[in-house]
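Going by this note's numbering, the first residue of the sequence shown is number 5, and it counts up by one from there.
Treat the hints with care, since some could be wrong.
Claimed, not checked - Lysine to any residue pairs mimicking SDA-like chemistry, simulated, CA-CA at most 25 angstroms apart: (1) 92 / 63; (2) 92 / 50; (3) 92 / 47; (4) 92 / 79; (5) 92 / 108; (6) 92 / 35; (7) 92 / 121; (8) 92 / 75; (9) 92 / 125; (10) 92 / 76; (11) 92 / 19.
Stated by the list, open to error - Simulated restraints on C-beta separations: (12) 105 / 21: 28 to 34 angstroms; (13) 32 / 107: 30 to 36 angstroms; (14) 64 / 95: 35 to 41 angstroms; (15) 83 / 59: 31 to 37 angstroms; (16) 110 / 25: 38 to 44 angstroms; (17) 64 / 92: 29 to 35 angstroms; (18) 57 / 105: 25 to 31 angstroms; (19) 59 / 86: 16 to 22 angstroms; (20) 63 / 8: 41 to 47 angstroms; (21) 60 / 91: 21 to 27 angstroms; (22) 114 / 84: 28 to 34 angstroms.
No wet-lab data here; the hints were simulated from the structure. Small disclaimer: the values here were computed from a predicted structure and weren't measured. From the three backbone atoms N, C-alpha and C, an ideal C-beta is built for every residue, glycine too.
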Amino acid sequence: MHSGMPPLLLSVGASEVLLGDVIMSAQVAAAGGVEVVVDVYDGMWHDFQMYSEGCGDSEELWEGVLSIHRTARFIRDIVHTGHPPCGKGVLGVPRTTWHMTRPGTNSDWVPGNGNPDRFICPPTYKDTMVPEFQNASSVVAKSATSARPRAPTDRRTF
Numbered sequence: 005m006h007s008g009m010p011p012l013l014l015s016v017g018a019s020e021v022l023l024g025d026v027i028m029s030a031q032v033a034a035a036g037g038v039e040v041v042v043d044v045y046d047g048m049w050h051d052f053q054m055y056s057e058g059c060g061d062s063e064e065l066w067e068g069v070l071s072i073h074r075t076a077r078f079i080r081d082i083v084h085t086g087h088p089p090c091g092k093g094v095l096g097v098p099r100t101t102w103h104m105t106r107p108g109t110n111s112d113w114v115p116g117n118g119n120p121d122r123f124i125c126p127p128t129y130k131d132t133m134v135p136e137f138q139n140a141s142s143v144v145a146k147s148a149t150s151a152r153p154r155a156p157t158d159r160r161t162f
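All chains should be modelled from the sequences, with the hints used to inform the complete structure.
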């Protein structure tokens with residue numbers, strides 16, 4: 005049913021009204037043979053990633069920053085290995101991580117082994133690893149603009 009579909013990354017806030025739809029979509033896709041990674045961010049709302057630089061104050065929203073880092077890592081792993089981070093996982097089951105704030109801090113409870121993307125496994129490609137992300141938004145934006153198809157040279161209008 006879903007054969008030929010690329011791996012999916014679904015990033016959703018736990019306070020998102022569409023959370024149930026996201027979880028159900030992940031389960032249906034995984035049952036159909038698609039490799040699915042689901043990231044749920046406790047207390048986050050729809051489009052929380054847009055607030056990664058902060059919500060009106062100087063403190064960044066770690067959930068938004070982490071979501072952008074994990075999206076960048078997901079894309080790099082798909083490009084280099086054809087699979088999501090940490091390998092294929094269990095066929096038919098979405099790999100789900102629930103991100104919660106560590107009590108008394110402003111950081112994720114998932115250990116992450118020092119990786120800015122908090123995936124437990126290290127990247128499998130050493131040649132393209134970026135030692136440290138200064139601004140996750142610019143990394144994702146650069147990837148998106150470099151992947152854009154070129155405009156056709158034929159300018160005729162029909």
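Verification of the hints:
1. 92 / 63: 36 angstroms, violated
2. 92 / 50: 28 angstroms, violated
3. 92 / 47: Violated - the C-alpha atoms of residue 47 and residue 92 are around 29 angstroms apart, more than 25 angstroms.
4. 92 / 79: Holds. Residue 92 to residue 79 sits at ~14 angstroms (cutoff 25 angstroms).
5. 92 / 108: Answer violated: residue 92 to residue 108 is near 35 angstroms, above 25 angstroms.
6. 92 / 35: 14 angstroms, holds
7. 92 / 121: 18 angstroms, holds
8. 92 / 75: Roughly 17 angstroms between the alpha carbons, so the hint for residue 92 and residue 75 holds.
9. 92 / 125: Between residue 92 and residue 125 the Cα gap is close to 12 angstroms, so the pair holds against 25 angstroms.
10. 92 / 76: 18 angstroms, holds
11. 92 / 19: Roughly 28 angstroms between the alpha carbons, so the hint for residue 92 and residue 19 is violated.
12. 105 / 21: 28 to 34 angstroms: 21 angstroms, violated
13. 32 / 107: 30 to 36 angstroms: 35 angstroms, holds
14. 64 / 95: 35 to 41 angstroms: Given a distance of about 37 angstroms, which is inside 35 to 41 angstroms, the answer is holds.
15. 83 / 59: 31 to 37 angstroms: 32 angstroms, holds
16. 110 / 25: 38 to 44 angstroms: 29 angstroms, violated
17. 64 / 92: 29 to 35 angstroms: 33 angstroms, holds
18. 57 / 105: 25 to 31 angstroms: Cβ of residue 57 to Cβ of residue 105: about 18 angstroms, so the range 25 to 31 angstroms is violated.
19. 59 / 86: 16 to 22 angstroms: 37 angstroms, violated
20. 63 / 8: 41 to 47 angstroms: 43 angstroms, holds
21. 60 / 91: 21 to 27 angstroms: Given about 40 angstroms between the Cβ atoms, the range is violated.
22. 114 / 84: 28 to 34 angstroms: With Cβ atoms ~23 angstroms apart, the hint is violated.
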